[in-house]
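S.K.: The task is simple: from the sequences and hints, build the whole structure.
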Amino acid sequence: MSSTLRNALDSRVVKPLALVLLLFVGLSPLGLTLAETLPPAGYRLQAGDIVAVSVWQEPGLEQLVLVRPDGGISFPLAGDLPAAGLTIDELSDQLRERLKKYISDPVVTVTLQEIPGNRVYVLGRVNKPGDFPLVTRDITVIQALAMAGGLTPFADEKKIQVLRTTDGKPQSITFDYRRIRRGEGLEQNIPLRAGDVILVP
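Numbering (this note's numbering), first residue to last: 139 to 339.
Just so you know, the hints here were simulated from the structure itself, not pulled from any lab data. Heads up, a few of these hints could be off.
Okay, derived cross-link-like pairs now, SDA-like style, lysine to any residue, Cα gap no bigger than 20 Å in a straight line [stated by the list, open to error]: (1) Lys296 x Gln309; (2) Lys307 x Arg257; (3) Lys239 x Glu196; (4) Lys239 x Gln195; (5) Lys296 x Arg320; (6) Lys296 x Ala332; (7) Lys297 x Ile253; (8) Lys296 x Glu322.
M.R.: This is the structure we're talking about:
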């Protein structure tokens, strides 16, 4: 066997094996762990999420679907139905029930593609300001600050604000990090909601 052919075969074998090993140890090709790129089990859909819906042996019923701001989705034959607050499995079950009127025993597959609407924002005197995915419902203020690399030495620890919009009305929630460090005022460490902004002066 020529060296050129041997090298080509080695390349064809080694590259797929490398990718398998990469996934096996829990890394994506971008260097992110699978836990960072996939939502946890039981993740509940929110407005702004994008899901891929397909029905087995029904090529016309395969499309990306956006969860609208009102929390609903639209899908052919199934019409409008609520999606926000449901898990992927629960949404699959609802679609399956709707489609039974038109398809005998439909096999529905729903996968989460993107979660652009579920983010929190940390701004101001932190080491890594930016936006962060909110893939669970129990990320707290302290956890978000940790994701942002913590406070800088010049941050005003007692005047941190959580900016939130509820029913179209903006509100500001004060967060005193100094009290948290002393083990006081732990009720301040509230769970965050999609769209919350943490401002560190």
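S.K.: Hints first: check each against the structure and report whether it holds.
M.R.: Results of checking the hints against the structure:
no. : hint            : verdict
1   : Lys296 x Gln309 : 18 Å, holds
2   : Lys307 x Arg257 : 19 Å, holds
3   : Lys239 x Glu196 : 15 Å, holds
4   : Lys239 x Gln195 : 16 Å, holds
5   : Lys296 x Arg320 : 12 Å, holds
6   : Lys296 x Ala332 : 24 Å, violated
7   : Lys297 x Ile253 : 30 Å, violated
8   : Lys296 x Glu322 : 13 Å, holds
Comparing the model with each earlier hint shows violations of hints 6, 7; every other hint is respected.
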